[in-house]
Amino acid sequence: MKLQYIQDNSGKNLFVVLPIEEYQKLQNYKQIATLDDDNESNWEEVPYQASSNDDVTIPHEVMNIMFEQNISLLAAWRQFRGLSQYTVAEQTGLTQSAISQAEKKGSKPQQKTCERLAVVYGCLAEQLVM
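Our numbering runs 769 ahead of the 1-based position in the sequence shown.
Note that these hints are calculated values from the structure, not bench results. Some hints could be false.
[What the hints assert, rightly or not] With a Cα cut of at most 30 Å, we get these calculated DSSO-like pairs of lysine-lysine:
(1) K781 to K771
(2) K794 to K781
(3) K794 to K771
(4) K771 to K799
(5) K799 to K781
Treat the numbers as computed from the prediction; the structure is a model and nothing was measured.
Start from the sequences, fold in the hints, and give me the full structure.
Below is the structure:
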């Protein structure tokens, strides 16, 4: 669907023109969302298990790198600190290939590896796992 924009004199988009069917769909979604939010009987209980890491936070910048580049949390920390895998390997006593393996998405590095990386990245080992 091609949208038409209405702009001010400087070319800044002010409004968008869209087909009435699309507008009506949006209105329906808004009504449904409002109804669901207001009626607690529609709410679903979500089970929660407390963890010792509940108070651990990860910097917003690290999370942005992770999501924008679609990389692992470990790789995002390394990039956040401006380091290469080779430099991290030298500083941790691990090999570059071990760093690469640990940074693969879905990888579960050992606690000892996380502790070494935490020293280099200046964070807690708990901040390196999700």
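Of the hints stated earlier, which fail here? none
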